[in-house]
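When you get a sec, could you build the whole thing from the sequences and use the hints?
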Amino acid sequence: MSNFDPNTDMPRGARPEEQITTDPSKPSERMQFRLMLFNLAPWIIASLVLLLLPAVFTNNSTITIMNQMMITIVFALAYNMLLGQGGMLSFGHAVYAGVGGFACMHIMNTSDFFSSIPLVILPFFGGLFGMGLAMIVGSFSTRSAGTVFAMISLGVGELIAASSVIIVAFFGGEGGVSGNRTDALPFFGNEFLQQINVYYLIAVWTIISAALMFLWSRTPVGRMANAVRDNPERAEFLGYSARWVRFYSFVASGFFAGVSGGLFAINYEILTEENLNTASSGVILLVTFLGGVGFFFGPIIGAVVFTLVQTVLSLQTELWAFYAGSLFLATVMFFPGGLAGLIMMHVPAFKLGKSKLLIIPYVKTLVPAAIGILAVCALVEMTFHYRHAATGDHEMTLFWTTFDSHTVLPWLVAAAIAAVGLGIARATAPSLKEAWNEANTRGAAS
Amino acid sequence: MSVPALELTGLKKSFGKAEIIRGIDLSIGKAERHAIIGPNGAGKSTLFNLITARFAPTAGTVKLHGEDLAGLEPYQINRKGLSRSFQITNIFPAMTVFENVRCALLWAQGYKYSFWNLVNRSSALTEGADEILDQINLLGRRNLPAGTLSYAEQRALEIGITIAGGANVIMLDEPTAGMSNTETDYIMDLIMRVTEGKTLIMVEHDMGVVFGLADRISVLVYGEILATGKPEDVRADRKVQEAYLGAALEAEH
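Taken in order, these protein sequences are the chains called A and B. Each residue of the first sequence is one higher than the last, beginning at 0 in numbering that gives the first Met the number 0. Each residue of the second sequence is one higher than the last, beginning at 0 in numbering that gives the first Met the number 0.
Honestly, the hints are just simulated from the structure, not real lab data. Do not take every clue at face value.
If we take Cβ atoms under 10 Å as the criterion, some of the chain B residues that face chain A in the derived model are [to be verified]: (1) Phe14; (2) Arg53; (3) Pro73; (4) Tyr74; (5) Ser84; (6) Gln86; (7) Asn89; (8) Pro92; (9) Asn99; (10) Arg101; (11) Cys102; (12) Leu105; (13) Asn119; (14) Ala163; (15) Gly164; (16) Asn167.
Virtual Cβ for every residue (Gly too), placed ideally from N, Cα, C.
What follows is the structure, given as structure tokens:
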């Protein structure tokens, strides 16, 4: 049997820490403590980073970006419970986040109830509503995976998105539903007036949600989700109903999607049809795939990178979606394991202690390639400016250089840099490949 | 006599107009090692699939320990203590060898759809899986992705997964298919060891392979049982010689 899917070449279960923890040669207690620390290290570091980031980036707009990033992280991790761990491709997962978020907005607007609960537990209600909807939809959509599941998810997604203009009482029509988070019961005197307060609320929820989703993948039903993904028939002959395993994954995923919707409601204090339409469902698929579905932390990377592209790059260029799409395309075509897969590809070289061999070849190939790609981007930007700038506006600024986009010279320069950069990258690629093979071969080290 | 482990009565299966299984009556006692042999296309695998509810029978009943299995799903039948392997290796190729076996233990150890237990915290699961791996001699391959094992090792793993859940009726569909003679001997020896005291039902193409192992042999030809009995009796049976061994000889020459 071969591995059809390169993503699953290195499944979660095959990760080194798992192999060590279950080593039969009974480690002593001290060893066990060290291993526990080793396993917990990424979590502790990530939590510390999340809690300390606002000390580094203090201005409000950065905190807003980070809030959005964390909300996307929770949503993408929830989505990957289906896609990566359960093998279910959903085209309509935004509705669970959206419905959770809308439910939270309505709770915010129910002043009697809302003023009696602290804001920090609101995302939990979002989760419950997301989960409730997932239970209803999952009862018929999880009967099979594959195309049938994907089509039902698309249909349900469209259906609910369409209802948003019909059931105005719940979805608020085109204007959406807005509210005020500060109406909640003060939490230790905190009314969450400022962005930084919201940041910490979201950060704590992100850490808890990520930890719970990680632990889920280590439970019997989480392990069987992997088994059903790989071979549903075999799982059935081991006593597990593939359908019920899928259903539980779906419901759990709906819960955490709902939590992310609740966090969105708290952060933006408004939800619109945009939160649950097919475009949003597409974005989360893109984010998750970009990060890598084969690893638990993949969607986290995807969410961080995508949010940066979406926020920071969009300030620089109107064409950010074009670059996001190109990045996605390149990932799917060349690195089906996503960015996480790209990182994990280097683990064997590190283990062999040969990662140093890669540094110089990487510099030799990737730096010219990056310069070449930036030059191609410049050509794209110039074309865009040439076609769409206001008449008579010939001046444009690119990479700190101002020039006239209607003269030949800038085009020649950009094209030349692109050709030379990509040419060098191409010429040095074989030696990079050689170094790569050398770094991944045991023995005969320098 | 006690209730048979598995009892088939008037079992039939048609695909469209083609009648593949044409009325099978068979009773297999507890702890019996029963081999079903027959030429290609006799319906051996179809019979297996009928018993384990992979296909629904056109007519007839299947009883496990006296209980009718009609209308049950494969996973329900498995929970009643019947486990099977497949003719084409059917494992979880992307998971490690250890995880393959551990997955097979989950239901048997009562975890069901639990999401409040962590699998690596359970020493019963880890030790149970390692014990099975030891039995099938794959302890050394424990942490490799199952898909990277050699063919014979994958077949051994498949048997390990099949027996791991502690089912008392084990059905193996051509466990030695596509193996060399040494590998065949190895696997047959393994099967002998791991199915000790259990009811074993095994499909084989070649009577020679099961001759030493089976308590009884049934010969299936064109969807019907031609003869059932002790290996020596079946081999001596005139009809069997004509229909099966004769055909096999003809095919060889």
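| Was the hint right that B/Arg53 lines chain A, CB cutoff 10 Å? | holds, 8 Å
| request: Against chain A, run the beta carbon of B/Ala163 and see if the smallest gap drops under 10 Å. | output: Holds: closest Cβ of chain A sits about 8 Å from B/Ala163, inside 10 Å.
| request: Grab the minimum C-beta distance from B/Ser84 to chain A and call the hint holds if it beats 10 Å, violated otherwise. | output: holds, 9 Å
| query | Going by Cβ atoms only, is B/Asn99 closer than 10 Å to chain A? | reply | holds, 8 Å
| Hint status (Cβ of B/Phe14 to nearest Cβ of chain A, threshold 10 Å) | violated, 19 Å
| request: Report holds or violated for the interface hint on B/Asn167, using the least CB-CB distance to chain A and a cut-off of 10 Å. | output: B/Asn167 check fails; min Cβ-Cβ to chain A is 14 Å, beyond 10 Å.
| field | Restraint outcome when B/Tyr74 is required to lie within 10 Å of chain A by C-beta distance | value | holds, 5 Å
| Hint status (Cβ of B/Asn119 to nearest Cβ of chain A, threshold 10 Å) | holds, 6 Å
| query | At a threshold of 10 Å, is the proposed contact between B/Cys102 and chain A supported by beta-carbon distances? | reply | holds, 5 Å
| request: Tell me if B/Leu105 is really an interface residue toward chain A, meaning its C-beta lies closer than 10 Å to one of theirs. | output: holds, 5 Å
| Can we keep the B/Gln86 interface hint, with Cβ of chain A closer than 10 Å? | violated, 13 Å
| Minimum Cβ distance from B/Asn89 to chain A below 10 Å? | Cβ of B/Asn89 sits 5 Å from chain A, so the hint holds.
Checked against the numbered hints listed earlier, the structure breaks hints 1, 6 and 16; every other hint is satisfied.
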